[in-house]
Amino acid sequence: QSALTQPASVSGSPGQSITISCTGTSTDVGSYNLVSWYQQHPGKAPKLMIFEVSKRPSGVSNRFSGSKSGNAASLTISGLQAEDEADYHCCSYAGGGTYVFGTGTKVTVL
Amino acid sequence: EVQLVESGGGLVNPGGSLRLSCAASGFTFSTYTMNWVRQAPGKGLEWVSSISSTSSYIYYADSLKGRFTITRDNAKNSLYLQMNSLRAEDTAVYYCARVDSNNYDYWGQGTLVTVSA
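Listed in order, the protein sequences are those of chains A and B.
Residue numbering for the first sequence follows our numbering, beginning at 1 and increasing consecutively.
Residue numbering for the second sequence follows our numbering, beginning at 1 and increasing consecutively.
It is worth saying that the hints were derived from the structure and are not from the lab.
Glycine included, C-beta positions come from ideal geometry on N, C-alpha and C.
Take these hints with a grain of salt, some might be off.
Here are a few chain A residues that face chain B, going by a calculated C-beta distance under 10 Å [claimed, not checked]:
no.: 1; residue: Ser36
no.: 2; residue: Tyr38
no.: 3; residue: Lys44
no.: 4; residue: Ala45
no.: 5; residue: Leu48
no.: 6; residue: Phe51
no.: 7; residue: Pro57
no.: 8; residue: Ser61
no.: 9; residue: Phe64
no.: 10; residue: Asp87
no.: 11; residue: His89
no.: 12; residue: Cys91
no.: 13; residue: Gly97
no.: 14; residue: Gly102
no.: 15; residue: Thr103
no.: 16; residue: Thr105
Throw the hints in and build the complete structure from the sequences for me.
Here it is as structure tokens:
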């Protein structure tokens, strides 16, 4: 159950697009289309932004999109806005009723 | 409105025990799998444990090595985490989260557990 690997930080200017990677293994990300992404502002609880690799919950902006290739998933934020500045965490089902989270990425809007 | 409210956190000595609770409201608690997820200071999220709606299926992170026990009381709409033999590395904010189709769709605000002498 090793954590999924994410870049520690990603930054971009308002209006730009950024992509956060999430690298796992053939036993988690590579085996299931059950990758989700969570946004977390300082001192707040995480919020579901993407589920099942690329689906958006009701109410989440379509500026957020997800994808997966092999053992890696990614979250893209287009039209970056100041309110997007937060920590982002990926998560994958890892089989046997277990889950694994990523190391987390701090997004900074320049 | 779905609400999850954790309680029971605090300061505990290494080797001590603590029991966390999560009070659920606004949904039919007995039909959902529930999880505990923790976050050490300045770190990422870490999955801790999962319990199915009827407690038939229970899973733990390997790193816990039998020190933690997850339970639930559907009559009281409550989730629990009994933590024994606590270590400094267990210091974290502990969140309870509802699971819907393998996603965490609702989270509590968390309760801080500090393990220190």
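Results for each hint:
no.: 1; hint: Ser36; in the structure: 5 Å, holds
no.: 2; hint: Tyr38; in the structure: 7 Å, holds
no.: 3; hint: Lys44; in the structure: 8 Å, holds
no.: 4; hint: Ala45; in the structure: 4 Å, holds
no.: 5; hint: Leu48; in the structure: 5 Å, holds
no.: 6; hint: Phe51; in the structure: 4 Å, holds
no.: 7; hint: Pro57; in the structure: 7 Å, holds
no.: 8; hint: Ser61; in the structure: 17 Å, violated
no.: 9; hint: Phe64; in the structure: 14 Å, violated
no.: 10; hint: Asp87; in the structure: 8 Å, holds
no.: 11; hint: His89; in the structure: 5 Å, holds
no.: 12; hint: Cys91; in the structure: 7 Å, holds
no.: 13; hint: Gly97; in the structure: 4 Å, holds
no.: 14; hint: Gly102; in the structure: 6 Å, holds
no.: 15; hint: Thr103; in the structure: 5 Å, holds
no.: 16; hint: Thr105; in the structure: 9 Å, holds
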